[in-house]
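Protein chains: 4
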Amino acid sequence: ENNFFLIAGPCVVESEELLMEVADKVSGICKNLGIPYIFKASYRKANRTSGSSFTGLGDEVAMQLLKKTGDKYKLPVTSDIHAHEEAAIAAQYIDVLQIPAFLCRQTDLLEAAAQTGKIVNVKKGQFLSGPSMKFAAEKIRNAGNDKVILTDRGNTFGYQDLIVDYRNIPWMKEHGAPVVMDCTHSLQQPNQTSGVTGGNPQLIGTIAKAAIATGADGLFIETHPNPAVAKSDGANMLKLDQLEPLLQQLVKLRKAVV
Amino acid sequence: ENNFFLIAGPCVVESEELLMEVADKVSGICKNLGIPYIFKASYRKANRTSGSSFTGLGDEVAMQLLKKTGDKYKLPVTSDIHAHEEAAIAAQYIDVLQIPAFLCRQTDLLEAAAQTGKIVNVKKGQFLSGPSMKFAAEKIRNAGNDKVILTDRGNTFGYQDLIVDYRNIPWMKEHGAPVVMDCTHSLQQPNQTSGVTGGNPQLIGTIAKAAIATGADGLFIETHPNPAVAKSDGANMLKLDQLEPLLQQLVKLRKAVV
Amino acid sequence: ENNFFLIAGPCVVESEELLMEVADKVSGICKNLGIPYIFKASYRKANRTSGSSFTGLGDEVAMQLLKKTGDKYKLPVTSDIHAHEEAAIAAQYIDVLQIPAFLCRQTDLLEAAAQTGKIVNVKKGQFLSGPSMKFAAEKIRNAGNDKVILTDRGNTFGYQDLIVDYRNIPWMKEHGAPVVMDCTHSLQQPNQTSGVTGGNPQLIGTIAKAAIATGADGLFIETHPNPAVAKSDGANMLKLDQLEPLLQQLVKLRKAVV
Amino acid sequence: ENNFFLIAGPCVVESEELLMEVADKVSGICKNLGIPYIFKASYRKANRTSGSSFTGLGDEVAMQLLKKTGDKYKLPVTSDIHAHEEAAIAAQYIDVLQIPAFLCRQTDLLEAAAQTGKIVNVKKGQFLSGPSMKFAAEKIRNAGNDKVILTDRGNTFGYQDLIVDYRNIPWMKEHGAPVVMDCTHSLQQPNQTSGVTGGNPQLIGTIAKAAIATGADGLFIETHPNPAVAKSDGANMLKLDQLEPLLQQLVKLRKAVV
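Chains as they are written, first to last, in the numbering used here: chain A, 1 to 258; chain B, 1001 to 1258; chain C, 2001 to 2258; chain D, 3001 to 3258.
Since the hints were made in silico from the structure, they are not lab data.
Here are the simulated DSBU-like pairs of lysine-lysine, each with C-alpha atoms no more than 35 Å apart in a straight line:
1. K173(A) <-> K2025(C)
2. K3067(D) <-> K3025(D)
3. K2045(C) <-> K3147(D)
4. K3118(D) <-> K3255(D)
5. K3255(D) <-> K1025(B)
6. K2147(C) <-> K3045(D)
7. K3031(D) <-> K3252(D)
8. K3255(D) <-> K1252(B)
9. K3025(D) <-> K1255(B)
10. K3173(D) <-> K2231(C)
11. K1025(B) <-> K3173(D)
12. K3173(D) <-> K1252(B)
13. K3255(D) <-> K1255(B)
14. K255(A) <-> K2031(C)
15. K2045(C) <-> K3118(D)
16. K1252(B) <-> K3031(D)
17. K3118(D) <-> K2231(C)
18. K45(A) <-> K1045(B)
19. K255(A) <-> K2025(C)
20. K25(A) <-> K2173(C)
21. K1068(B) <-> K1025(B)
Computed beta-carbon distance windows for the label pairs:
22. P36(A) <-> V2258(C): 20 to 30 Å
23. D71(A) <-> Q1092(B): 42 to 52 Å
24. T3193(D) <-> S2194(C): 36 to 46 Å
25. E3060(D) <-> K1239(B): 53 to 63 Å
26. N1142(B) <-> K2252(C): 48 to 58 Å
Partial chain D-side listing against chain C, Cβ under 10 Å, derived:
27. A3046
28. L3162
29. D3165
Built from N, CA and C at the ideal position, the CB exists for glycine as well.
Produce the entire structure from the sequences given, and follow the hints as far as they go.
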């Protein structure tokens, strides 16, 4: 029970088969390792760099698949929402509403998410400091909901790189909310001339280990059976069969920390 | 006619009196100097750092005041919009729809703005490169609207500072749209522990001169008769009575450039 | 023997008493914890921000004190050198020659240090990437010395902050040299208007834990019985009596990693 | 006499022929345009990324060629020095001693340069703010020499890019010294895996224009008849035959500023 929790799944809802395959595999691993698991997939990608990239199967269809997956494997599910009017709809299907990093300052969105009563997981903008996330947490709490999670996904470091500042973990823990490290998007290489964000998936373990060592309460890892054919973020997702050995190492590390 | 154009006004619609005072003063200055002028004020501040900051008079009221101001002084008016459903409403009152920097990757918002047929001015995210703004322009053009403006407002430089990269002016001009320098928000000092963004208004002239020298087509300058009592961005606005001497210098500089 | 090693001591040679006190205390702790220990103090501070800051007792005097300390406690000692002609002199007293971060690209200095046959510990410039440290290691090896250590001390992040990029640990390990995390200078707050660099010593543990978790071979920690009265870097040094509990935690963490 | 001054020449002393060709051409252009001209070439490159890059013809030979060039064309000459003992030697041949950016905090070097009585041009480190250059100027003045020039050459922006912060021009002018923009090295792309720094010479005009517009007193531009075959910094030097049209534009701009 002193373990970290895991938010994991494929970047986007591509198909029912994909969701079930990942949920089945990851929930089994997490059960063995005593890791509380929240299944993650986006029902829509609303801020792709390029307008021609895949954005989803349709919101309702994708949300229903998320719910079906959660029901079958008895898992809470999470997805990101992008506009205040989506909050109430998504809350019918989803247990943890995630606020995308670019939108972490949109007061309407935070308040609408808060008002659903669901857990709200706010990603720290790439342009924000950990201490500034205090104001995001306050917006949610002032809307009557104290179930807040704060997630770090790295900071802008020049145009084509992100860097993780681990000082943000203790700094954000001061805000009284669980702190998660997003080990996937922290490794993005944005602003590529191709319009497709690059990545560095071989460093997921490095990002995750430092997070556990510095006190992160949870980890966020996108995973896919075959990232090379994934419809979004293929450059950053962990290959599904590499998840278990990584989590084993991290559980061992966690025990040395707490 | 070879002059730069100006987007200027108070940060937020505080009152009818304020809008009229600023429009009267600035339109007079611009007429004398041959500067095409677009009146700017936000009808709502949707992403204040702190939930307790002023956000506006109410959208409809504020939009009507904007329109009234434009009508009286025969000026096009501009304001930022924050959600796709606001686009069509705002388009009834406003001539240039501005997309906030944090939202410049939100495809739905860009497309909804484009579909109004109005001019769309996209601010470059603090986390984005000038070359990447190609994709923002394409999203608007692919939605059937080629009236795009691209605005730079600086880049994240550590947590509490922004920096302007003037290479972005020629880089963004390659996207075939007029390029504007936002001389106000480029000087913000974000992530202050107070929850109130700081500024450096004495450097507005520096930011503006470098922009004109490097080929910017327009300038964005927030101005207020008394920034110390302004309800938003007081730390960065130019005092209204300092605008004319600055514009005189800039017009002289512009003539040496083109 | 699978433990990390420690480079620690006061920032600068202030007096014989200080060196002996620190060496006595730290060597005792390290013996208990099985941590190989290298005693560190600078004989001169050559790049203080302000010309009026303390720079040392005189090179020869300070080097002799370093040697005396090492001899008494049977510890290798290290200090930084700043010019190629210092290398051979320092090598008479010192076991590990440290190259300051600002000077890590000075070919003459690296080669002169290499030619002493001593271990050469190169600090990564705040402006350099881990992969680029390959060239520093090569300059030393090409001068006939393969006893290279590479140390990270953070990267420039805006003007007044540094950030540690833990990706540099695996990246620098690829260069075939032990990698050290400097937990003191990584927390500097440079470019203060006072001319005195600031710090964040309460985060030393965070920096150190992430380093061990991601595979660092050694840690560098400046420590002083009373940082508030130290003659250099007082803002960043760990209070001597806080070192033991920190090292205990880190040893526990290390066992979970290797 | 209100014009800016120019520091220009090839990056490194490659041969007498090269120096004479560049000095002849540039001095003619500058005479026509009323630009005070200081001839620049390095007698040694002391901090090449890779140990296998060209570093010079030998210090004495190269210094003599510099002096010969200055004498022939009646130009002051400048070069960078790298160690305190070089200062007095270089001062026999060279009129303006330049302190490299990486070394701008080395107190010994600044003081030795100051003590020659020559003009000392300190480059701002990529990791330093303009306000912090106050301390560099003070070190020189406190050594009895008030002939200080301060040069900006950009700031670290991620690993592989530099960015110029034009706020540094007014900030450094407050230190009471002429301020120069280095239009060549500001465009470097460091930390390339090849070990050879890249560049963006097509943006030299952008960097220079913004500098003149914001009040720079001088410009530094490396130029070579054929940058593609240059032995150092080929990726950033301006082709010699492009210098005259650029300077013509800049002189026009300057007149609109002062």
